[in-house]
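Respectively, the protein sequence lines represent chains A and B. Using the working numbering, the first residue of the first sequence is number 1, and each one after it goes up by one. Using the working numbering, the first residue of the second sequence is number 488, and each one after it goes up by one.
Hints were generated in silico from the structure; no laboratory data involved. Treat each hint with caution, since some may be false.
To be verified - Computed footprint of chain B on chain A; a stretch qualifies when at least three of its residues, placed anywhere within it, have a C-beta under 8 Å from a C-beta of chain B:
#1 133 to 145
#2 416 to 423
To be verified - Residues from chain B shown here face chain A by an in silico Cβ test under 8 Å; the list is partial:
#3 I511
#4 W512
#5 G519
#6 V532
#7 A537
#8 V539
#9 G540
#10 Y592
#11 L720
#12 N723
#13 I726
#14 Y727
#15 A733
Glycine included, each C-beta is placed from N, C-alpha and C at the ideal position.
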Amino acid sequence: MLFNSFTYLVFLPLVILLHWLMPRRFRSWFLLGASYLFYMNWIPRYGLLILFLTVVNYFIGLGIAKHTDKRKILFNIGLCFNLGALCFFKYAAFLIDSIWSVFHFVGWQQTVQPAINILLPLGISFFTFEFIHYITDVYKGDSPIRNFKDFALFAAFFPTQIAGPIKRYQDFTKQLVNHVTFKQVDFRSGIFLVLQGLYKKMVLGDNLGAIVNYGFTHVSEMPVTDTWIAVVGFTFQIFFDFSGYTDIGRGSAALLGYKVPENFNWPFLAANLTDFWRRWHMSLSTWLRDYLFIPLGGSRGSPWAVRRNLLITMLLGGLWHGAAWHYVIWGGFHGLGLIISKDWHDFVSKYALLSNWRTTKLWHYTGVLFTLLFLFLAGLFFRANNLHDVWILCCSMIDFPASNALPHDVTRLFLQSTVPISIIAYCLFLLMRSISSNNYLWRYLTEHTCRYWSNTPALRLATYTAVALIILGFAPSTVTPFIYFQF
Amino acid sequence: MLSTVTTTESRQMPQITEEKAHYIWWQLLLQGFAFCAIAVVLVEVYFRLAGVGGSEYLQPDLQMGIRHIPGKLVIWRAEGFSNNRMNGAGLRDNEHTLNKEPGTYRIALLGDSVVEALQVDLNDTFGKILERRLNKANPSEHYETINFGCGSYSTGQEVVQYEREGAKYKPDAIVLVYNRGDSMESVVTSKDRKRTEPRPYFYIDRFGQLKEDDSVLAANFDKLKPNLLRDWLRKNSAIYGVINQADFSLTLNEPLYRKIKGWVVSLVNAASNGRPYKEAQTNHTYPDQDEMLVTKALIHCKQKLVKLVMLDYKLPQP
């Protein structure tokens with residue numbers, strides 16, 4: 001079930017209504033049932049897969065906590081089991097394809113390549129990471145979830161099931177134990193997040209996506225402006241798409257009384273790449289830090305060891321995104337970027353003059369600009385169909401060889417679309433929300449307006465209706481899946 | 488003493504609460520109305536600024552089923568882009584006078600969305616290109632094309648349209664663009680009569696004469712008859728356009744929406760007690776028609792009136 005589909009529009013209010021009307025003791029069971037219904041809406045049999053993974057991890061968690069002498073072996077079994085499931089469903093075809101490519105390359109084509117046709121279960125990358133986090137933390141000494149229902153709900157919770165944010169079980173079960181209670185503030189913020197997410201996804205992401213897709217399918221025909229629009233557009237498309245998904249997920253959870261972690265914190269304002277990864281897909285980057293980078297040695301050890309750890313983490317992070325070499329290259333590119341960013345930071349720290357400059361605004365904004373440029377380039381590896389296209393796009397970005405009489409279709413599409421006005425409207429909204437001024441009048445106005453808005457149901461209803469209408473008006477006529485659903 | 492006070496208070500309180508509750512209820516309603524009105528105006532302005540909701544360009548018509556809204560500014564973003572106004576006669580074209588200037592050779596273009604060509608600018612429609620090329624190739628002559636194309640029209644509707652409106656322009660030639668889909672839409676089978684689009688249908692009677700069957704139009708009279716508010720909204724409100732467009736897309740793409748809409752329609756019909764869909768009645772019973780025979784007869788009828796050029800185009804294969 002897609003968050004931006006009509007089915008979800010019916011499903012979510014029904015679940016919210018029944019959830020809050022239901023006696024407290026049945027709520028978790030109800031949510032569990034709703035989550036499985038949500039998941040099985042696509043391919044029902046994959047509900048069994050998530051159930052099977054849940055049962056196995058539940059018992060492994062209990063086993064690790066109970067049998068202290070066998071905890072290591074149980075942990076390893078659990079790890080292999082989860083990674084095995086992930087590899088089988090996500091990487092089997094990629095692996096066989098790669099092996100056969102090597103065979104082909106060395107001229108050994110005696111046998112027919114076996115056809116692997118496995119449909120990737122939705123969200124497998126996310127829930128296997130949650131399972132790995134669970135068994136690792138239990139192995140490290142945290143207490144396991146004793147109640148199977150609670151554990152199953154942690155694994156299947158529908159607002160975060162398909163594309164995260166990757167939850168931490170300690171935070172989630174605390175909410176289950178304490179029983180969620182209805183709070184108007186949470187409910188309001190839930191509606192706000194859902195609407196904001198839908199706006200980001202349907203109004204900005206999908207409309208931008210149509211232009212970007214056109215550009216990336218006409219790579220060799222694009223002049224320099226078209227290329228820049230397509231490349232920059234993709235970086236923002238993926239942000240609006242994914243952060244839109246996260247907002248809808250977090251909003252849906254808030255409407256049910258649950259809190260799930262944030263995933264984005266103004267990533268395009270990051271002044272360097274390390275900062276960027278602290279702001280972008282935060283639940284994944286902290287997962288990679290805690291369960292991959294630190295176990296590899298983290299920042300301890302020689303500079304070369306740290307560089308190696310960073311590179312391995314990002315390469316695997318890239319591979320996690322998708323079973324294709326361009327994702328690995330994208331991860332490697334980011335790994336190299338992080339290494340350079342860290343080395344540059346160390347270099348600057350050595351010299352007092354440079355360190356002083358680092359505190360200036362000019363330094364900061366230059367950093368933001370360079371980080372953005374890096375992200376645009378990295379986005380090419382993520383989105384382009386092959387490396388040849390990446391090369392063509394890189395050349396087009398610097399207008400090499402100079403193009404003269406080529407059509408400006410992407411620019412035309414962009415200007416004719418609703419994207420520019422939607423972006424302006426969204427930026428104005430963000431600006432209004434984020435302006436903090438000491439001016440008395442401004443403070444009085446904003447605080448007063450906010451209070452009035454909160455205390456006036458009619459105004460809130462009118463605002464929600466207006467935003468819903470705007471989403472309806474600007475959204476494309478067909479529903480586009482979220483980009484991160486494929487991971 | 489205490490009990491007296493309590494009694495006094497409890498006697499007074501309900502009165503105060505009641506007055507207050509009444510006031511709050513009244514205030515809330517007024518507030519709701521005022522805020523909704525402000526929201527509607529703001530959204531309408533925003534939609535107009537952004538050029539959204541302007542793709543509502545058809546209105547119900549008792550004779551044709553549907554027709555263009557005269558003078559409507561249409562902003563089209565599906566499969567291309569255009570931002571042009573329908574002319575005063577409801578044609579996707581510039582204004583044309585009924586009487587042509589001396590020495591002008593007028594060509595009427597009949598067809599469906601292919602002729603209408605909302606996906607491109609008015610100056611890039613094939614009609615305009617044809618006009619420019621003809622005038623360029625024959626500088627001594629003056630050619631003028633008139634675009635009668637309307638999305639989803641059948642060949643039958645085009646004939647009715649020509650007789651009703653097109654003939655007034657006294658064209659020297661007609662270019663009829665059609666495909667098999669248009670032909671199929673000119674006839675209705677007894678099986679599809681209930682769910683088919685309201686439009687004039689045609690059949691060949693047992694004497695070989697082409698006849699019009701307007702029973703489906705008659706059955707949909709309530710839906711097609713002029714409705715001041717709806718027609719005004721259709722022409723002037725971008726919000727109405729957005730809602731209608733969303734309804735269309737959801738009906739097309741979302742099975743659950745179709746199901747819920749079906750239930751709602753049944754409920755409304757049941758509530759309106761005895762006004763369900765009227766089965767299209769016809770005095771002429773006729774067997775299911777061969778659509779190509781009907782199309783030939785339709786074309787023949789036009790050929791008698793004016794010089795006719797046929798353009799048959801193939802639908803792209805899925």
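Hints and how they fare:
1. By the rule of at least three residues with a Cβ nearer than 8 Å to a Cβ of chain B, the coverage given for the stretch 133 to 145 of chain A is violated, with 0 such residues.
2. With 5 residues bearing a CB less than 8 Å from a CB of chain B, the stretch 416 to 423 of chain A meets the requirement of three and the coverage assertion stands.
3. Given hint, I511 (chain B) at the interface with chain A, is violated; its Cβ is 11 Å from that chain's nearest Cβ, farther than 8 Å.
4. Interface restraint check for W512 (chain B): the shortest CB-CB distance to chain A comes to about 12 Å, outside 8 Å, so the restraint is violated.
5. For G519 (chain B), the shortest C-beta to C-beta distance to chain A is roughly 4 Å, which falls under 8 Å, so the interface hint holds.
6. With a cut of 8 Å, the hint placing V532 (chain B) at the interface with chain A is violated, because the nearest CB-to-CB distance is about 11 Å.
7. Because the closest C-beta pair between A537 (chain B) and chain A is about 5 Å apart, less than 8 Å, the hint holds.
8. With a cut of 8 Å, the hint placing V539 (chain B) at the interface with chain A holds, because the nearest CB-to-CB distance is about 4 Å.
9. A hinted interface residue such as G540 (chain B) counts as satisfied when its beta carbon comes closer than 8 Å to some beta carbon of chain A; here the least separation is about 6 Å, so the hint holds.
10. Given the 8 Å rule on beta carbons, the hint for Y592 (chain B) is violated: about 34 Å separates it from the nearest Cβ of chain A.
11. With 8 Å as the threshold, the beta carbon of L720 (chain B) stays out of range of chain A, its nearest partner Cβ sitting at about 14 Å, so the hint is violated.
12. The interface hint given for N723 (chain B) is broken, as the beta carbon of that residue sits about 16 Å from the closest beta carbon of chain A, more than 8 Å.
13. Checking I726 (chain B) against chain A by beta carbon gives a least distance of about 6 Å; that is within 8 Å, so the hint holds.
14. Because the beta carbon of Y727 (chain B) sits about 11 Å from the nearest beta carbon in chain A, more than 8 Å, this interface hint is broken.
15. With a cut of 8 Å, the hint placing A733 (chain B) at the interface with chain A holds, because the nearest CB-to-CB distance is about 5 Å.
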